[in-house]
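Make the complex out of the two chains shown on their own, each in a separate frame, by following the hints.
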Amino acid sequence: MTDAAKDQSLQHSSVQDELSKPPRSQWRDIWDQFKSHRGALFGGCLFLGIVLGVVVGPFVYWNDAKFVPTGRDFITLRDMRPIYHVLWDPSAKMDWAYPLGTDNLGRDTLARLMFGGRVSLAVGMAAMILALILGSFIGVIAGYFKKLDGLLMRLTDLFLALPLLPMILVAAVLFRESLSQSIGPEGGIFVLIVCLIGITSWMPTARIVRGDVLAIKEREFVLAARSIGTKPSNIISRHILPNVLSPIMVSATLGIATAIITESALSFLGFGFPPDFPTWGRLLNDAVDRMTLFPERVLWPGILISLTVLSVNYLGDGLRDALDPRIRGR
Amino acid sequence: MLTFTIRRLIIAVPTLLFISLVIFLLLELAPGDPMAQVPLTVPPEVKEKMRLALGLGEPVHIRFWKWIVQFFWIEPQVLIDHIFGTSFSAGDLRVISWQTRSPVMDIVVQRLPQTLMVVGTAYIVAILIALPIGIYSAYRQYSWFDQLGTFVSMVGFSVPPFFSGVLVIVIFSVQLGWFPSIYDTTLEVTSWETFVKQLQQMVMPVMVLALQITAQLSRFMRASMLDNLNQDYVRTARAKGLGEYVVVMVHVLRNSMIPVVTVIALGVPSIFGGAIITEQVFKVNGIGQLLIGAIQANDLPMVQTLTFIFAVLIVLFNLIADVLYGILDPRIRYD
Chain A
1 MTDAAKDQSL QHSSVQDELS KPPRSQWRDI WDQFKSHRGA LFGGCLFLGI
51 VLGVVVGPFV YWNDAKFVPT GRDFITLRDM RPIYHVLWDP SAKMDWAYPL
101 GTDNLGRDTL ARLMFGGRVS LAVGMAAMIL ALILGSFIGV IAGYFKKLDG
151 LLMRLTDLFL ALPLLPMILV AAVLFRESLS QSIGPEGGIF VLIVCLIGIT
201 SWMPTARIVR GDVLAIKERE FVLAARSIGT KPSNIISRHI LPNVLSPIMV
251 SATLGIATAI ITESALSFLG FGFPPDFPTW GRLLNDAVDR MTLFPERVLW
301 PGILISLTVL SVNYLGDGLR DALDPRIRGR
Chain B
1 MLTFTIRRLI IAVPTLLFIS LVIFLLLELA PGDPMAQVPL TVPPEVKEKM
51 RLALGLGEPV HIRFWKWIVQ FFWIEPQVLI DHIFGTSFSA GDLRVISWQT
101 RSPVMDIVVQ RLPQTLMVVG TAYIVAILIA LPIGIYSAYR QYSWFDQLGT
151 FVSMVGFSVP PFFSGVLVIV IFSVQLGWFP SIYDTTLEVT SWETFVKQLQ
201 QMVMPVMVLA LQITAQLSRF MRASMLDNLN QDYVRTARAK GLGEYVVVMV
251 HVLRNSMIPV VTVIALGVPS IFGGAIITEQ VFKVNGIGQL LIGAIQANDL
301 PMVQTLTFIF AVLIVLFNLI ADVLYGILDP RIRYD
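For the record, the sequence lines run as chains A and B.
Every letter in the first sequence is one number past the one before it in UniProt numbering, and letter 266, counting from 1, is 266.
Every letter in the second sequence is one number past the one before it in UniProt numbering, and letter 8, counting from 1, is 8.
So here's chain B without its partners, still in its complex pose (with noise of 0.2 Å):
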């Protein structure tokens, strides 16, 4: 296990390698020109200053080390300087943003508690919510229950976040007047009403996550019950007189659970990506706006850098889906 674990770390880096040469081609290649907002009456030779000054004056493959180094060699080195206190990073030059000529990473620090608090909320949500619906729907195939919750995973499939997004809007925030429609990330918890106000805001755009989850989710659980069900050691537990409850949430649940925690680690870089529009539709200051700012304004290096952590997440999370598979599974052996 630990062998198979390692070589896939290996063999995840060329991967990532490849990703991020990917994303940093289809910027250079790109016709988009950084300096179009600046106004036409600065004059050329300046405009050439301030492109240099951006570092864009060096042949791709030099700027593409750079970032490179930049990324993988020195952020991690001010991470460290952040923790221990040393100094490891002092003078090294950054991934700078254009937008405001602060370094990237700091910006990506300060957003990320906000998408992490919606989203993993919500994906915990989410979870809560599914697995007892799948087992229940497998328990009782074919029961109104079953068929009421396949409709219901179909419209969470079929609703887009942005539609359900501003329907919520529309009823809770609108009509009934619950809940803020704008997230308030300057909102910090320090008593029981501002707690109550946090709870409020966070409610409706968990809501709307988790609904494309549980819908996804709750499938996912009702099959690969379904599969143990009929298997030969459930009749076996049967005959041999263990209680119904021992038998569906001893027995089959913790067979059925294996692929399902699979698919719970493969989902959580995707939801990042969803998280995008719920967080524009709820003004989240989190990542996901940030990346959508930064796309408008023509800000590359924290353009690339945000689109490099989404790849990040994902190859993480896929190499964190095998290893648990193999080591839920007994049958699966990677040698």
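Excised from the complex, chain A in its bound form (with noise of 0.2 Å):
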């Protein structure tokens, strides 16, 4: 046999290979593109780290959040530093069984932090889908009928005209007693902080979501669909959205980090949760007031959302990389 022919039959039995291999699906398409984005899975694995250690460690870790020390427990418990803090000075007040410490009224630190967490997180994933749900639908509704494109799309430049974080604050003011009164105190402002960060942001998503819709619509599946007779509303469900599915889940994670990172801007500024409620950004509040004294209350909660700000942002690069057909496999 020569050479070549050799060589024909590899090639040969190389593209035979190829064909009776099983059909790679496109979420391990996704999948593989997103693993190789290296900055998307440290993001990822850091944001299921603080998620986990948010939702479970309350279980695990043996301090109450909500335990105030009274009488002479009070005395000893309150004001203690973290453990690390023996390393350059060993004089200082700790104990093994308070991690990183005591506030000034000898609540545990690290059950605060993952109290806050909890509600931090919630927050910022019930905004991101109320946002997502009212963004996909404007979008969505925009981009396939006509009729309606333009008034909506005005409503969307107007909403982005607005000055939203003074709004939000003069509306977290003016709503809290009334809602407060109606739902309870917390349960009232986590509805109230979620629907001012969800009404005002879903506008990028809208945008997006309503141009990627415009050039789905005028492909030739949408217009076979149209053919066989099928209603709008099965057309946008079932041909539409899965197509749109990547934009949004983009926004999804970006809307996290804006959301997460409102709450505690309010929280920071005194209109957010009350105090006997932390969130992360009310414990940097309450912290700042004695920070030469107690560095480390400061640091701790601004520490953990920027962290989980930062991996969520990596998070969505990758994901916008992997999702991209375009990209993908380059």
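Read the hints as simulated data drawn from the structure, not as lab findings.
Some hints could be false.
[Claimed, not checked] Far from chain B, some chain A residues (derived; all Cβ distances over 10 Å): (1) Gly44; (2) Ser233; (3) Met249.
[Unchecked claim] Now the stretches of chain B that chain A is said to cover, found in silico as 3 or more residues with beta-carbon under 8 Å: (4) 103-115; (5) 131-145; (6) 300-307.
Each residue gets a CB set at the ideal place from its N, CA and C atoms; glycine is no exception.
Printed below as a string of structure tokens:
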């Protein structure tokens, strides 16, 4: 057999191999691309770690976030320093039972961080989901129904022209009393903050989704679906929504980041949750007054907010690359 | 171009009117009561009179109309009077703050220089830092400098100003003692020492604001440069023997600046919004802090006016960005 013939047969068999391999699913491709983005993988792991720590932590950890010691315990347990503080100050007041120390009322810092993280993440996710539903709904409707397009896009422009942070602050103060009375102090403020952040952050999603829907609407498979008599609601749910899933997922991750930052900013300015119901922003705000004496109480919530947002941003970056078929495979 | 500008200006008027209506209705529908702080011993009829004195007796649409007239008709007259010494506005009722019982705009004008000083410096510093970083990271794409720049700007995105502000206070004013942690607005620059003092107290707020702006702007600059670096005209410029410096800094940079300039213009109003938090951290006595104080004191005219000023800034800079884009890029025609 000559070399050329050998080559050819080799090539032939490799083509045969390629054909006989089972077809790769789309999600597998996406996962492979996602894995190759180191920052995104790291961000995803970090975010998962934070979520797990915050959700599972309180079940494993021995101290209670809401426990306030009284009497003599109050004196002995308050203002405890974190255990690592011994490294440079051996005389510091510390206890191995309180790894990150206690605050000025003797409440355990680590337990409060976990509890605050639950609230912060819950607010972030709930607000993101609300913004996503609003944004995708308005985007799909505007892109699919030509009559509503102009009106809805003007509405989006108007919302983008509103000064959002001042208006959120104003609304948070004005509606807080009545909502706390009807739902309860914590639940009311949770609902209020989630609604405020959700209602003020759907616009980018709506714009992106509308643009994609406009392009997909003209494709042949939509025409085919319409020609066999599919109803518009079914075309949207079966044919269009699955195709705009990737921009929606990317804006979902970025939405969590902005929602967490906005919630923390509200709590930091004193317009968020009440002091006995900590979130990371609230913990940061409470600690600012005594940060010269106890800098660690400022650092930990701040680091957690920043790490969460950073990891979510990296995750979104990687998702964008992984979900874009033009970049994938390069 | 002129017709486009005029058309956009005309469209801006109903937008602004609608926004002012939204803000007004938000404050109107809210269940808060401006008399909530008044002691319970004050009899109800006196309370009613106080309410009337605040202008709350009339129906909603009349109060909205009055506010519109005061804001768009009387306040500009006051400004003209102030500049030219005329007396158009004599005797007219201005927007009065419920907190201080003085005209809202006077207080805003007092507070504005502090905000402008900090925000303006931060913006200029951020632009001066961000542009070279963006240019160099695009020119050496995927080099260690580019990777570092990407990471730093990711961090700049992610660290919120209320943490970075507190962090620099802990580091630079508590541990090192280099800068004061509170911004002193009563300081007047008269000599070299006071000038140094002013610089020292401005360093930290400017640093915190600039970090955020730099993070966004350098990414935009990099992306825009990357778009242009692979274009055919760059190859042509190199082929005809131009030096690398001229190719990058003249040919590519000028084309890449077009979108970046509009992004810079679009960013100005959001910086004012972001400055609310930074002002709170460093106790800068600017309009952000004025807004927070007014919200806490239930001073509705002040809140309304300040929020509306923010809205005007957003609409105005959107307009400026659009017009700039048309002027800078001859390929864009708005006709």
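Tested hints:
1. A cut-off of 10 Å between C-beta atoms confirms that Gly44/A is not in contact with chain B; the least separation is 15 Å.
2. The claim that Ser233/A is not at the interface with chain B holds, since no C-beta of that chain comes within 10 Å of its own (minimum 31 Å).
3. Separation of Met249/A from chain B is adequate, the least Cβ-Cβ distance of about 19 Å exceeding the 10 Å criterion.
4. For a cut-off of 8 Å, the count of residues in the segment 103-115 of chain B with a CB near a CB of chain A stands at 0, and the three-residue condition is violated.
5. Given a C-beta distance limit of less than 8 Å, the hint that chain A covers the segment 131-145 of chain B is violated, as 0 residues qualify and 3 are needed.
6. Restraint check on the segment 300-307 of chain B versus chain A: 3 residues with Cβ-Cβ distances below 8 Å, three needed, restraint holds.
When held up to the earlier numbered hints, the structure conflicts with 4, 5 and fits the remainder.
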